[in-house]
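> From first to last, the protein sequence lines stand for chains A and B.
Going letter by letter, the first sequence gives residues 7 to 381 in our numbering.
Going letter by letter, the second sequence gives residues 7 to 381 in our numbering.
By construction, these hints were calculated from the structure, which means they are not laboratory data.
Since the structure is predicted, the reported quantities are computational estimates derived from the model, not experimental observations.
Some hints here could point you the wrong way.
Just so you know, same-sequence chains aren't split out, so a pair can sit in one copy or run between any two.
No farther apart than 35 Å at their CA atoms in a straight line, the calculated lysine-lysine pairs in the DSBU-like style are these [claimed, not checked]: (1) Lys-193 / Lys-328; (2) Lys-112 / Lys-64; (3) Lys-212 / Lys-308; (4) Lys-215 / Lys-338; (5) Lys-308 / Lys-215.
2 protein chains.
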Amino acid sequence: MTNTITYKYESLKSFCEDAFCKLGFSTEDSKIITDVLLLSDLYGIESHGMQRLVRYHKGIEKGLIKVSAKPEIVFETPVSMVIEGHDGMGQLNGRFAMENAIKKAKKSGVCIANVRNSNHFGIAGYYAKMACDEGLIGFAMTNSEAIMVPTFGRLAMLGSNPIAMSMPATPYPFFFDASTTVVTRGKLEVYNKNNEPLHEGWALDKNGKGTTDASDVLKNIVAKAGGGIMPLGGEFEYSGSHKGYGWGMVCEIFCSILSMGITSNHTHIGGKGGTCHGFAAIDPAIFGDSHDIEEHLSTFLKELRESPKREGEDRIYTHGEKEVFAYEDRMKNGIAINVNTVAEMIDFCKFVGLDVEKYLGDVNLEQLKKQSSYE
Amino acid sequence: MTNTITYKYESLKSFCEDAFCKLGFSTEDSKIITDVLLLSDLYGIESHGMQRLVRYHKGIEKGLIKVSAKPEIVFETPVSMVIEGHDGMGQLNGRFAMENAIKKAKKSGVCIANVRNSNHFGIAGYYAKMACDEGLIGFAMTNSEAIMVPTFGRLAMLGSNPIAMSMPATPYPFFFDASTTVVTRGKLEVYNKNNEPLHEGWALDKNGKGTTDASDVLKNIVAKAGGGIMPLGGEFEYSGSHKGYGWGMVCEIFCSILSMGITSNHTHIGGKGGTCHGFAAIDPAIFGDSHDIEEHLSTFLKELRESPKREGEDRIYTHGEKEVFAYEDRMKNGIAINVNTVAEMIDFCKFVGLDVEKYLGDVNLEQLKKQSSYE
Numbered sequence: 007m008t009n010t011i012t013y014k015y016e017s018l019k020s021f022c023e024d025a026f027c028k029l030g031f032s033t034e035d036s037k038i039i040t041d042v043l044l045l046s047d048l049y050g051i052e053s054h055g056m057q058r059l060v061r062y063h064k065g066i067e068k069g070l071i072k073v074s075a076k077p078e079i080v081f082e083t084p085v086s087m088v089i090e091g092h093d094g095m096g097q098l099n100g101r102f103a104m105e106n107a108i109k110k111a112k113k114s115g116v117c118i119a120n121v122r123n124s125n126h127f128g129i130a131g132y133y134a135k136m137a138c139d140e141g142l143i144g145f146a147m148t149n150s151e152a153i154m155v156p157t158f159g160r161l162a163m164l165g166s167n168p169i170a171m172s173m174p175a176t177p178y179p180f181f182f183d184a185s186t187t188v189v190t191r192g193k194l195e196v197y198n199k200n201n202e203p204l205h206e207g208w209a210l211d212k213n214g215k216g217t218t219d220a221s222d223v224l225k226n227i228v229a230k231a232g233g234g235i236m237p238l239g240g241e242f243e244y245s246g247s248h249k250g251y252g253w254g255m256v257c258e259i260f261c262s263i264l265s266m267g268i269t270s271n272h273t274h275i276g277g278k279g280g281t282c283h284g285f286a287a288i289d290p291a292i293f294g295d296s297h298d299i300e301e302h303l304s305t306f307l308k309e310l311r312e313s314p315k316r317e318g319e320d321r322i323y324t325h326g327e328k329e330v331f332a333y334e335d336r337m338k339n340g341i342a343i344n345v346n347t348v349a350e351m352i353d354f355c356k357f358v359g360l361d362v363e364k365y366l367g368d369v370n371l372e373q374l375k376k377q378s379s380y381e
Numbered sequence: 007m008t009n010t011i012t013y014k015y016e017s018l019k020s021f022c023e024d025a026f027c028k029l030g031f032s033t034e035d036s037k038i039i040t041d042v043l044l045l046s047d048l049y050g051i052e053s054h055g056m057q058r059l060v061r062y063h064k065g066i067e068k069g070l071i072k073v074s075a076k077p078e079i080v081f082e083t084p085v086s087m088v089i090e091g092h093d094g095m096g097q098l099n100g101r102f103a104m105e106n107a108i109k110k111a112k113k114s115g116v117c118i119a120n121v122r123n124s125n126h127f128g129i130a131g132y133y134a135k136m137a138c139d140e141g142l143i144g145f146a147m148t149n150s151e152a153i154m155v156p157t158f159g160r161l162a163m164l165g166s167n168p169i170a171m172s173m174p175a176t177p178y179p180f181f182f183d184a185s186t187t188v189v190t191r192g193k194l195e196v197y198n199k200n201n202e203p204l205h206e207g208w209a210l211d212k213n214g215k216g217t218t219d220a221s222d223v224l225k226n227i228v229a230k231a232g233g234g235i236m237p238l239g240g241e242f243e244y245s246g247s248h249k250g251y252g253w254g255m256v257c258e259i260f261c262s263i264l265s266m267g268i269t270s271n272h273t274h275i276g277g278k279g280g281t282c283h284g285f286a287a288i289d290p291a292i293f294g295d296s297h298d299i300e301e302h303l304s305t306f307l308k309e310l311r312e313s314p315k316r317e318g319e320d321r322i323y324t325h326g327e328k329e330v331f332a333y334e335d336r337m338k339n340g341i342a343i344n345v346n347t348v349a350e351m352i353d354f355c356k357f358v359g360l361d362v363e364k365y366l367g368d369v370n371l372e373q374l375k376k377q378s379s380y381e
């Protein structure tokens with residue numbers, strides 16, 4: 007069992023906002039970064055919330071992330087935008103891109119925006135949700151450091167390349183957010199921490215053989231030594247490996263290719279990040295009555311949830327339901343943070359000069375430090 | 007081994023064009039239908055070429071497909087279109103939709119079109135390729151009779167819901183065309199004909215248990231008795247079943263939801279087809295210099311093909327390469343047609359009143375009929 011400490015949403019919000027301010031971000035920018043990170047924790051996607059703080063902090067220290075960078079629109083039409091991210095925080099570039107895409111989509115009906123030279127932007131779903139909250143269909147995606155091995159290959163050439171889509175529906179919006187790899191690097195990290203063997207069809211070793219050794223795969227990814235994670239569909243064509251690889255390509259095209267940015271296989275080399283993102287906002291009203299369309303979707307989602315279950319299962323989820331339940335639970339009962347992550351947050355407090363006890367309470371530091379993997 | 011008869015492309019073209027004319031389609035419409043069907047055979051996707059003739063012929067006989075229907079634009083903006091298909095041939099509705107989407111995309115930069123009340127339209131890739139041939143990015147997708155069981159369910163609720171995307175690149179365009187199920191119904195039919203057990207993770211029986219019995223699954227799909235094919239990602243969340251199911255939903259939204267058409271679970275019920283399609287055309291020039299963008303994609307595709315191969319593999323394919331090779335081979339050496347399909351084509355000739363020998367040559371009918379599964 008992993009030890010956790012539970013914090014109220016408001017406490018983590020204050021901590022995070024103040025910490026990013028101390029790093030040099032404006033109050034407004036700190037609020038945006040915090041909002042993206044905490045939505046991830048509220049949705050139960052631990053790997054992209056507080057657990058990411060250490061990577062952002064190190065990214066800023068190393069100069070990969072430029073605190074003072076401002077996103078800049080370098081090319082635009084009424085239905086499109088290319089944004090130069092100037093190595094800024096992914097969350098700020100992402101939010102800027104989607105806000106502007108929404109504005110254009112409200113006028114033109116649709117807008118596709120992409121961003122080059124950015125950094126990790128958190129969960130793709132955050133930006134898709136921004137459009138959905140405005141009554142639009144939203145898409146968001148990002149490339150990343152190469153971790154996906156193409157079908158028949160043995161070197162990671164694409165990122166986890168998640169694609170998210172959201173669209174208004176009742177009682178919950180449709181909210182689909184998934185990597186185009188069979189699993190994420192975060193999942194491998196969890197298996198590694200728990201010393202569990204990976205499932206077959208998840209990963210290759212550096213020689214391109216299937217492996218269940220998480221630690222080995224993670225080391226090879228960092229060292230760019232070969233091997234990596236398989237596309238959705240696994241190792242072989244019979245299980246659809248080439249399809250996941252194809253979805254990874256779709257993501258790459260809307261992120262790095264159309265923006266003339268850096269493809270996943272060239273990011274994070276030589277002190278340069280170079281992450282690229284893609285966004286789209288579409289107004290359902292360009293197809294008819296938005297309300298009728300929303301009802302039509304809601305009916306189909308209900309039919310799916312109410313359709314017969316397979317043996318041993320008592321419910322069918324529609325995409326976004328689990329996130330809604332997690333959100334409600336965590337807003338009410340607080341967010342349980344892994345002790346290793348709390349130790350990282352404490353170090354982060356000290357690094358930026360925040361009063362640990364004020365933000366994170368009187369936790370047993372010595373005890374936590376022993377359990378922390380933070381270096 | 008399956009017996010085949012090899013025909014020249016031109017012979018099949020004459021046969022098919024004349025046969026559809028005899029069914030009541032105009033010369034122009036027959037040419038379009040033929041072009042879609044034969045591209046499938048030329049690309050090596052047998053299940054959607056000549057092998058489909060019998061289904062179209064039966065669809066027309068049953069009144070599911072209306073020969074005289076004309077697609078009608080019922081809602082449009084500079085970036086969108088909703089088309090009423092009036093139960094016409096899917097190929098005619100599809101081609102009409104993509105032609106108009108291309109026109110609008112050349113003016114507005116992007117156009118999303120969907121079609122309701124249509125029929126099976128052949129391979130989605132045909133329409134994506136239409137946009138690509140005009141220098142645009144093309145998307146095409148379709149819902150279908152329900153065959154995909156949602157994760158944790160035991161009743162087919164979504165179609166095979168293929169999504170295709172194509173974009174210009176050298177020496178081959180990017181051309182990705184894949185069902186969002188782990189495999190297609192056509193693949194199950196092949197396993198059934200060969201009496202081979204299915205792979206695990208492909209299908210469920212009517213009680214929602216994993217099964218390897220192709221014949222049973224196919225029967226249950228037709229009878230709507232339960233069971234069906236799994237989404238890309240297979241049976242379980244650990245292998246990404248919910249992701250394939252999510253892609254199936256994306257397809258459904260752009261086909262049946264936005265067009266206010268019939269969702270897969272309600273199509274092909276009570277003498278009504280109701281298939282819906284979705285299309286998009288995007289001009290890369292709305293992001294910058296089209297030529298630079300095409301070169302950027304071509305470079306990445308080359309890097310993928312040239313990246314290290316896993317043990318036992320000597321090449322990595324990029325999407326669309328296999329189709330280009332198949333096309334070149336078949337245009338040169340002819341198209342090998344399964345004898346069962348030839349028998350169907352002979353019956354089709356007789357039904358519409360075409361001279362069998364003139365179109366299909368002096369084949370040994372008795373011998374073929376014995377081998378045919380056509381009823």
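> Let me make sure I understand: some of the numbered hints might not hold for this structure. Which ones are they, in numerical order?
2 and 4
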